[in-house]
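Those protein sequences? They're chains A, B and C, same order as listed. Per this note's numbering, the very first residue in the first sequence carries number 1; after that it's consecutive. Per this note's numbering, the very first residue in the second sequence carries number 1; after that it's consecutive. Per this note's numbering, the very first residue in the third sequence carries number 1; after that it's consecutive.
Simulated from the structure, these hints should not be mistaken for laboratory data. There may be inaccurate statements among the hints.
[To be verified] Derived lysine to any residue pairs resembling SDA-like cross-links, with alpha carbons at most 20 Å apart:
{"no.": "1", "chain 1": "B", "residue 1": "K204", "chain 2": "A", "residue 2": "V78"}
{"no.": "2", "chain 1": "B", "residue 1": "K270", "chain 2": "C", "residue 2": "Q121"}
{"no.": "3", "chain 1": "C", "residue 1": "K282", "chain 2": "A", "residue 2": "S80"}
{"no.": "4", "chain 1": "B", "residue 1": "K222", "chain 2": "C", "residue 2": "F82"}
{"no.": "5", "chain 1": "C", "residue 1": "K189", "chain 2": "C", "residue 2": "F82"}
{"no.": "6", "chain 1": "B", "residue 1": "K172", "chain 2": "B", "residue 2": "P152"}
{"no.": "7", "chain 1": "C", "residue 1": "K282", "chain 2": "A", "residue 2": "V78"}
{"no.": "8", "chain 1": "C", "residue 1": "K129", "chain 2": "B", "residue 2": "E240"}
{"no.": "9", "chain 1": "C", "residue 1": "K81", "chain 2": "A", "residue 2": "L273"}
{"no.": "10", "chain 1": "A", "residue 1": "K162", "chain 2": "A", "residue 2": "L183"}
{"no.": "11", "chain 1": "B", "residue 1": "K359", "chain 2": "B", "residue 2": "V331"}
{"no.": "12", "chain 1": "B", "residue 1": "K189", "chain 2": "A", "residue 2": "G111"}
{"no.": "13", "chain 1": "C", "residue 1": "K168", "chain 2": "C", "residue 2": "T187"}
{"no.": "14", "chain 1": "C", "residue 1": "K33", "chain 2": "C", "residue 2": "A172"}
{"no.": "15", "chain 1": "B", "residue 1": "K254", "chain 2": "B", "residue 2": "I202"}
{"no.": "16", "chain 1": "C", "residue 1": "K33", "chain 2": "C", "residue 2": "F82"}
{"no.": "17", "chain 1": "B", "residue 1": "K103", "chain 2": "A", "residue 2": "L4"}
{"no.": "18", "chain 1": "B", "residue 1": "K273", "chain 2": "C", "residue 2": "L124"}
{"no.": "19", "chain 1": "C", "residue 1": "K189", "chain 2": "C", "residue 2": "V148"}
{"no.": "20", "chain 1": "B", "residue 1": "K127", "chain 2": "A", "residue 2": "I5"}
{"no.": "21", "chain 1": "B", "residue 1": "K296", "chain 2": "B", "residue 2": "S306"}
{"no.": "22", "chain 1": "B", "residue 1": "K204", "chain 2": "C", "residue 2": "I268"}
{"no.": "23", "chain 1": "B", "residue 1": "K269", "chain 2": "C", "residue 2": "Q121"}
{"no.": "24", "chain 1": "B", "residue 1": "K163", "chain 2": "B", "residue 2": "V331"}
{"no.": "25", "chain 1": "C", "residue 1": "K91", "chain 2": "A", "residue 2": "L71"}
{"no.": "26", "chain 1": "B", "residue 1": "K222", "chain 2": "C", "residue 2": "K89"}
{"no.": "27", "chain 1": "B", "residue 1": "K189", "chain 2": "A", "residue 2": "S80"}
{"no.": "28", "chain 1": "B", "residue 1": "K37", "chain 2": "B", "residue 2": "G375"}
{"no.": "29", "chain 1": "C", "residue 1": "K129", "chain 2": "B", "residue 2": "W251"}
{"no.": "30", "chain 1": "B", "residue 1": "K337", "chain 2": "B", "residue 2": "S306"}
{"no.": "31", "chain 1": "B", "residue 1": "K302", "chain 2": "B", "residue 2": "D266"}
{"no.": "32", "chain 1": "C", "residue 1": "K89", "chain 2": "A", "residue 2": "L273"}
{"no.": "33", "chain 1": "B", "residue 1": "K37", "chain 2": "B", "residue 2": "E76"}
{"no.": "34", "chain 1": "C", "residue 1": "K33", "chain 2": "C", "residue 2": "N94"}
{"no.": "35", "chain 1": "C", "residue 1": "K129", "chain 2": "B", "residue 2": "Q247"}
{"no.": "36", "chain 1": "B", "residue 1": "K222", "chain 2": "C", "residue 2": "L8"}
[Stated by the list, open to error] Which residues of chain A face chain B? A few of them, derived with a C-beta cut under 8 Å, are:
{"no.": "37", "residue": "E2"}
{"no.": "38", "residue": "Y3"}
{"no.": "39", "residue": "L105"}
{"no.": "40", "residue": "I108"}
All residues carry an ideal CB built from backbone N, CA and C; glycine is no exception.
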Amino acid sequence: MEYLIHIAILAVIYGILGIGLNLVVGFTGLLSVTHAAFFGIGAYATGILLTNHIADFWGSLGLGMLIAAVLALIIGLVLSRFRDDYYALASFGFNTIVFALFLNLQDITRGPLGIPGIPRPEILGYSFGENFSFLILALIFLAAVYFFSKWLTESSFGRVLKAVREDERAAQVFGYNTFYFKLAIFSTAAALAAIAGSLFASYITFIDPSTFTLHESMFILAVIIFGGLASLRGSIVGAVALILLPEILRFVGFPAEIAAQMRQVVYGLVLVLLMLYRPRGFFGEYKF
Amino acid sequence: MSTTWKWIIGVIVVILVVWGLSSDGKPTLPEGSGPLKVGVILPLTGDAGVYGEAMRNVTDIAFEKINKEGGVLGRELAPVYEDGKCNGKDAVSAAQKLVNVDKVQVIVGGFCSGESLAALPIATQAKVFMISGGSSSPDLTGASDFFARVVPSDAVQGQVLAKVAYEQNNWKNIAFIQEQTDYAVGLYKSFSSTFEGLGGKINKEEFQTQTSDFRSLLSKLKASSPDALFLDTQSSTSAERIIKQLQELSWSPKILVSDAIVVDADFLKKYAKVFEGALGAEFGVDYTNQSFQSLKSAYISKFKVSDMPYPSYTSTQYDAVYIVKSGIEKVGYDGVKLAKWSRELSGWQGVSGSISIEKTGDRSSGHSPRVVKDGVSTLLK
Amino acid sequence: MDILPQVLVNGLIAGSLYALVALGFNLAYGATKFFNLAHGALSVVGGYTALAVLRDLGWGLGWAIVIGILMSAGIGWLLDKFIYLPLRKRKASNMVLLVASLGAFTAIQAIIAILFTSQFQTLLAGESKIIDLFGYAVVTGVQLSAFVTVAVVGLGLYLILKFTRFGKAVRAVSDDGEVARIVGIQTDKIVGTVFLIASGLAGLAGILIGFDTGLEPTMGMSLLLKGVIASIVGGIGNVYCGIAGAFLLGIIENLGVWQFSGEWKDAIAFGLLIIFLLFRPKGIFKN
Numbered sequence: 001m002e003y004l005i006h007i008a009i010l011a012v013i014y015g016i017l018g019i020g021l022n023l024v025v026g027f028t029g030l031l032s033v034t035h036a037a038f039f040g041i042g043a044y045a046t047g048i049l050l051t052n053h054i055a056d057f058w059g060s061l062g063l064g065m066l067i068a069a070v071l072a073l074i075i076g077l078v079l080s081r082f083r084d085d086y087y088a089l090a091s092f093g094f095n096t097i098v099f100a101l102f103l104n105l106q107d108i109t110r111g112p113l114g115i116p117g118i119p120r121p122e123i124l125g126y127s128f129g130e131n132f133s134f135l136i137l138a139l140i141f142l143a144a145v146y147f148f149s150k151w152l153t154e155s156s157f158g159r160v161l162k163a164v165r166e167d168e169r170a171a172q173v174f175g176y177n178t179f180y181f182k183l184a185i186f187s188t189a190a191a192l193a194a195i196a197g198s199l200f201a202s203y204i205t206f207i208d209p210s211t212f213t214l215h216e217s218m219f220i221l222a223v224i225i226f227g228g229l230a231s232l233r234g235s236i237v238g239a240v241a242l243i244l245l246p247e248i249l250r251f252v253g254f255p256a257e258i259a260a261q262m263r264q265v266v267y268g269l270v271l272v273l274l275m276l277y278r279p280r281g282f283f284g285e286y287k288f
Numbered sequence: 001m002s003t004t005w006k007w008i009i010g011v012i013v014v015i016l017v018v019w020g021l022s023s024d025g026k027p028t029l030p031e032g033s034g035p036l037k038v039g040v041i042l043p044l045t046g047d048a049g050v051y052g053e054a055m056r057n058v059t060d061i062a063f064e065k066i067n068k069e070g071g072v073l074g075r076e077l078a079p080v081y082e083d084g085k086c087n088g089k090d091a092v093s094a095a096q097k098l099v100n101v102d103k104v105q106v107i108v109g110g111f112c113s114g115e116s117l118a119a120l121p122i123a124t125q126a127k128v129f130m131i132s133g134g135s136s137s138p139d140l141t142g143a144s145d146f147f148a149r150v151v152p153s154d155a156v157q158g159q160v161l162a163k164v165a166y167e168q169n170n171w172k173n174i175a176f177i178q179e180q181t182d183y184a185v186g187l188y189k190s191f192s193s194t195f196e197g198l199g200g201k202i203n204k205e206e207f208q209t210q211t212s213d214f215r216s217l218l219s220k221l222k223a224s225s226p227d228a229l230f231l232d233t234q235s236s237t238s239a240e241r242i243i244k245q246l247q248e249l250s251w252s253p254k255i256l257v258s259d260a261i262v263v264d265a266d267f268l269k270k271y272a273k274v275f276e277g278a279l280g281a282e283f284g285v286d287y288t289n290q291s292f293q294s295l296k297s298a299y300i301s302k303f304k305v306s307d308m309p310y311p312s313y314t315s316t317q318y319d320a321v322y323i324v325k326s327g328i329e330k331v332g333y334d335g336v337k338l339a340k341w342s343r344e345l346s347g348w349q350g351v352s353g354s355i356s357i358e359k360t361g362d363r364s365s366g367h368s369p370r371v372v373k374d375g376v377s378t379l380l381k
Numbered sequence: 001m002d003i004l005p006q007v008l009v010n011g012l013i014a015g016s017l018y019a020l021v022a023l024g025f026n027l028a029y030g031a032t033k034f035f036n037l038a039h040g041a042l043s044v045v046g047g048y049t050a051l052a053v054l055r056d057l058g059w060g061l062g063w064a065i066v067i068g069i070l071m072s073a074g075i076g077w078l079l080d081k082f083i084y085l086p087l088r089k090r091k092a093s094n095m096v097l098l099v100a101s102l103g104a105f106t107a108i109q110a111i112i113a114i115l116f117t118s119q120f121q122t123l124l125a126g127e128s129k130i131i132d133l134f135g136y137a138v139v140t141g142v143q144l145s146a147f148v149t150v151a152v153v154g155l156g157l158y159l160i161l162k163f164t165r166f167g168k169a170v171r172a173v174s175d176d177g178e179v180a181r182i183v184g185i186q187t188d189k190i191v192g193t194v195f196l197i198a199s200g201l202a203g204l205a206g207i208l209i210g211f212d213t214g215l216e217p218t219m220g221m222s223l224l225l226k227g228v229i230a231s232i233v234g235g236i237g238n239v240y241c242g243i244a245g246a247f248l249l250g251i252i253e254n255l256g257v258w259q260f261s262g263e264w265k266d267a268i269a270f271g272l273l274i275i276f277l278l279f280r281p282k283g284i285f286k287n
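Can you make the complete structure from the sequences, with help from the hints?
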């Protein structure tokens with residue numbers, strides 16, 4: 001049962017990541033492959049502030065979201081000028097640069113040594129040390145992120161995003177400053193990713209740069225493509241599916257040394273097959 | 001597919017998975033006759049996969065031998081391998097599964113320091129004893145009462161090397177090429193604090209693990225005319241690339257190496273010329289000792305290779321398994337008791353020599369300086 | 001200052017390997033107008049095939065190179081026939097193709113890791129001959145061959161594209177696939193052949209890298225990204241500008257390492273990409 005709770009917590013964290021990325025990719029049509037960078041910022045904010053006793057979990061959460069949002073604004077200023085494949089490529093670039101920052105700014109992040117001993121969150125004296133209570137906390141965050149995103153995408157703001165996705169020129173002709181919309185959603189998504197990061201750091205209690213690579217961004221992208229673009233429910237389903245898959249493989253009799261590689265093969269094949277036969281994903285409405 | 005159907009299918013899948021996973025986790029029967037499970041966390045895949053593979057091999061040998069000799073308390077000892085991938089997230093999942101599904105009381109692992117650091121809290125909370133045969137990060141000293149290790153902390157290695165380099169070899173100005181991993185950074189820190197404290201100068205360049213082109217890095221270091229070059233790499237992969245490029249740049253500096261390299265006998269032989277006179281530090285594995293020799297021949301014959309790789313790590317990993325066996329014999333299959341017992345270990349004879357574990361969980365034994373002559377690492381002075 | 005010549009030479013060495021990758025990538029991009037991420041995996045295929053021929057079959061160097069190139073060319077062609085072509089027929093957008101190519105890349109790389117283990121291997125048995133360039137800098141025999149190969153391949157491609165009927169058809173398809181089809185050119189077959197050639201070039205790059213710095217199954221992505229940066233910096237879609245971009249990238253990376261420090265190398269390469277995307281998206285040459 002403990003093990004299932006652990007899997008559930010990971011699925012919830014990746015569900016939050018998926019929803020955030022979906023806002024940018026599924027609803028606005030921007031192929032961003034740098035989400036792991038903001039995931040990392042949330043994680044490091046919590047890791048650094050908590051282990052140095054500068055702030056508590058909530059403070060670090062807020063600060064992490066703020067830093068991620070601001071960084072996203074800066075990055076977004078550049079990214080929002082691009083479209084399609086160029087957007088994707090430039091985002092690769094940003095992920096690589098932010099990763100280099102995590103790895104090289106050792107005075108702040110301890111680089112490859114990572115940050116061990118990150119404590120669990122505390123509220124009014126109650127510590128979320130028990131995994132089950134942490135799961136509840138994480139689920140509350142997931143619900144908050146989900147309903148916020150639902151509200152956002154169903155509002156007039158959300159309609160403009162979809163317009164940008166379908167035909168940016170047309171949206172501009174109608175008088176919308178699409179640049180600002182793209183920037184705003186990118187920044188919002190980054191803040192949501194930071195939430196996932198704070199939860200992750202506090203749960204695993206040890207973080208290092210290797211979790212926040214381009215590879216990870218691609219994994220999050222795979223989650224939402226599988227679950228369905230522009231489907232918030234789909235992001236959660238995708239996260240559950242792609243987290244469960246390697247765990248199930250632990251129980252399958254694959255020889256241990258090729259298990260991870262086999263998982264990669266399966267991911268790759270799933271992506272290809274999805275693109276060929278169901279590019280909109282499991283629950284998706286947007287066929288990109 | 002209508003939405004309702006999708007939900008139904010989703011729920012069925014979840015139920016099947018839950019059922020499948022839970023029926024696998026039958027609680028172990030400590031008072032029974034089935035095998036006693038010992039969790040093992042190793043980097044079976046990923047960048048450190050080369051180590052993980054060798055460690056798994058030697059762990060297999062240990063378990064087989066134990067069981068052939070009658071097992072423990074009349075029962076077999078069964079390893080349960082999990083892949084830690086040398087990173088925190090996967091090590092946590094591995095530990096979670098071992099502790100909660102397999103319900104082990106003891107884990108041999110992690111191997112990478114990152115794995116141990118991440119898995120610690122889980123073992124500690126579940127009162128499961130963890131013993132590592134490879135994690136050398138100074139951050140693990142005293143990190144948990146449930147953690148012990150058969151390798152000494154890296155803090156010692158750097159100090160020893162620094163002293164010898166500065167005082168004996170008279171190397172005052174050292175160029176440092178360091179891989180960006182926790183092991184390599186830890187070694188740099190312990191070396192530099194002693195070396196610079198003695199008055200030496202260090203010129204350091206760092207590189208990410210996947211780097212294959214070191215040419216300009218090396219050109220730059222060469223231009224600083226150092227007395228020696230410290231190859232601080234995680235494994236012989238990067239070291240090999242660097243050495244080749246050293247040769248291509250026609251630079252033959254004196255070399256210092258991390259213990260990950262100095263224990264790699266094949267590698268030293270392959271580049272004997274480059275390594276002539278090189279300094280390294282290894283903690284005292286006495287290769288003439290009988291138990292080491294038998295382990296080595298067992299490894300060679302079972303896996304059909306020409307030599308046992310990473311001998312100092314395979315020795316400690318093997319010892320870790322045997323220490324677990326001793327522990328269970330003495331105090332029973334109980335995480336709390338094993339953890340307490342480990343702290344009292346003193347003079348336990350293993351393949352890697354005499355082992356004593358301190359209150360902090362560290363192995364008390366220093367690194368000894370070694371120098372490479374004719375492609376073979378020999379004890380210095 | 002006295003290591004500047006060596007740093008520049010290092011840049012050219014790195015550049016020639018990037019150039020081979022960029023050549024193939026650009027060729028394919030010109031004909032299909034999407035970023036094929038699987039290109040990097042094909043380099044890995046080429047390198048490892050050569051390894052298998054040399055090590056497991058025991059055949060000679062020439063065979064290793066030829067079979068390596070053929071294998072990567074073949075797999076590239078298959079990718080087009082079974083994945084990209086059907087997608088193009090359905091008028092799939094560039095993003096779909098990009099994601100599909102990402103999937104192909106992931107799968108191929110993992111299969112290579114399974115077949116050959118993740119261990120680092122090198123194609124070169126002994127030491128490489130060292131060549132001294134008038135006392136200013138040093139290169140090895142392998143690196144010089146890489147440089148020469150780029151020149152030869154570049155020239156060969158130029159001749160093919162300019163003077164042969166096939167080349168003209170490729171240019172027509174690159175300019176406008178629809179119009180080419182209307183005019184009677186068998187676009188699909190031409191694209192397939194382009195993939196064949198481009199993938200073969202990727203394989204060749206992988207083999208040369210195998211000789212120079214060794215093989216690892218994970219080297220594909222970084223190689224591809226460098227090739228992409230080179231292509232964009234040089235001028236996307238134009239085969240030769242990619243070569244110029246590659247050398248520029250190689251030199252700037254090495255200058256960066258020299259002036260700053262090694263750990264920022266990748267960040268510098270991508271920084272260059274972003275600067276170019278911002279200010280000169282068509283590449284250095286004002287086409």
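Evaluation of the provided hints:
Restraint check: the Cα-Cα separation between K204 of chain B and V78 of chain A comes to about 33 Å, which exceeds 20 Å; the hinted pair is violated. The suggested pairing of K270 of chain B with Q121 of chain C holds, with an alpha-carbon distance near 14 Å, which does not exceed 20 Å. Among the hinted pairs, K282 of chain C with S80 of chain A is consistent with the structure: their alpha-carbon atoms are about 18 Å apart, no more than 20 Å. The hinted pair formed by K222 of chain B and F82 of chain C fails the criterion: a straight-line CA distance of about 51 Å is larger than 20 Å.
A C-alpha spacing of about 13 Å is found between K189 of chain C and F82 of chain C, which places the hinted pair at or below 20 Å, so the restraint holds. Between K172 of chain B and P152 of chain B the alpha-carbon distance is near 27 Å, which puts this suggested pair outside the 20 Å criterion. Between K282 of chain C and V78 of chain A, the direct Cα distance comes to roughly 16 Å. Compliance with the 20 Å bound is thereby established for this hinted pair. At most 20 Å may separate the alpha-carbon atoms for a hinted pair to count; K129 of chain C and E240 of chain B meet this at roughly 17 Å.
The hinted pair formed by K81 of chain C and L273 of chain A meets the criterion: a straight-line CA distance of about 14 Å does not exceed 20 Å. Pair hint K162 of chain A plus L183 of chain A holds up; C-alpha atoms about 14 Å apart against a cutoff of 20 Å. Restraint check for K359 of chain B and V331 of chain B: satisfied, since their Cα atoms lie roughly 18 Å apart, inside the 20 Å limit. Simply put, K189 of chain B and G111 of chain A have alpha-carbon atoms about 12 Å apart, close enough for the 20 Å limit, and the pair holds.
A C-alpha spacing of about 12 Å is found between K168 of chain C and T187 of chain C, which places the hinted pair at or below 20 Å, so the restraint holds. Note on K33 of chain C and A172 of chain C: the hinted pairing holds, with a Cα-Cα distance of about 13 Å set against a maximum of 20 Å. Restraint check for K254 of chain B and I202 of chain B: satisfied, since their Cα atoms lie roughly 14 Å apart, inside the 20 Å limit. Between K33 of chain C and F82 of chain C the alpha-carbon distance is near 18 Å, which keeps this suggested pair within the 20 Å criterion.
Taking the CA atoms of K103 of chain B and L4 of chain A, the gap is near 14 Å; set against the 20 Å cutoff, the hint holds. This hinted pair checks out: K273 of chain B and L124 of chain C have alpha carbons roughly 18 Å apart, not beyond 20 Å. Taking the CA atoms of K189 of chain C and V148 of chain C, the gap is about 31 Å. The hint is violated against a cut of 20 Å. Under the criterion of a C-alpha separation no larger than 20 Å, the hint pairing K127 of chain B with I5 of chain A is consistent with the structure, at around 19 Å.
Of the pairs offered as hints, the one joining K296 of chain B and S306 of chain B holds, with about 10 Å between alpha carbons and a cut-off of 20 Å not exceeded. Our distance criterion of 20 Å between C-alpha atoms is met by K204 of chain B and I268 of chain C, whose separation comes to about 19 Å. Between the alpha carbons of K269 of chain B and Q121 of chain C the distance comes to roughly 17 Å, so the proposed pair stays at or under 20 Å and holds. A threshold of 20 Å between alpha carbons decides the hint, and for K163 of chain B with V331 of chain B the separation of about 42 Å lies outside it, so the pair is violated.
Straight-line distance between C-alpha atoms of K91 of chain C and L71 of chain A comes to about 36 Å, which puts the hinted pair past the 20 Å bound. Of the supplied pair hints, the one linking K222 of chain B and K89 of chain C is violated, its CA atoms being roughly 56 Å apart against a limit of 20 Å. A C-alpha spacing of about 42 Å is found between K189 of chain B and S80 of chain A, which places the hinted pair above 20 Å, so the restraint is violated. Restraint check: the Cα-Cα separation between K37 of chain B and G375 of chain B comes to about 41 Å, which exceeds 20 Å; the hinted pair is violated.
Between K129 of chain C and W251 of chain B the alpha-carbon distance is near 14 Å, which keeps this suggested pair within the 20 Å criterion. At most 20 Å may separate the alpha-carbon atoms for a hinted pair to count; K337 of chain B and S306 of chain B exceed this at roughly 40 Å. Restraint check: the Cα-Cα separation between K302 of chain B and D266 of chain B comes to about 19 Å, which is no more than 20 Å; the hinted pair holds. A threshold of 20 Å between alpha carbons decides the hint, and for K89 of chain C with L273 of chain A the separation of about 16 Å falls inside it, so the pair holds.
The suggested pairing of K37 of chain B with E76 of chain B holds, with an alpha-carbon distance near 9 Å, which does not exceed 20 Å. Under the criterion of a C-alpha separation no larger than 20 Å, the hint pairing K33 of chain C with N94 of chain C is consistent with the structure, at around 8 Å. Our distance criterion of 20 Å between C-alpha atoms is met by K129 of chain C and Q247 of chain B, whose separation comes to about 10 Å. Between the alpha carbons of K222 of chain B and L8 of chain C the distance comes to roughly 16 Å, so the proposed pair stays at or under 20 Å and holds.
Residue-level restraint check for E2 of chain A holds (minimum Cβ-Cβ distance to chain B is 4 Å; threshold 8 Å). Because the closest C-beta pair between Y3 of chain A and chain B is about 4 Å apart, less than 8 Å, the hint holds. Because the smallest distance between the Cβ of L105 of chain A and any Cβ of chain B comes to about 12 Å, over 8 Å, the interface hint for this residue is violated. Interface restraint check: I108 of chain A against chain B, minimum CB-CB distance 14 Å, threshold 8 Å, status violated.
Consistency note: the structure conflicts with the earlier hints numbered 1, 4, 6, 19, 24, 25, 26, 27, 28, 30, 39, 40.
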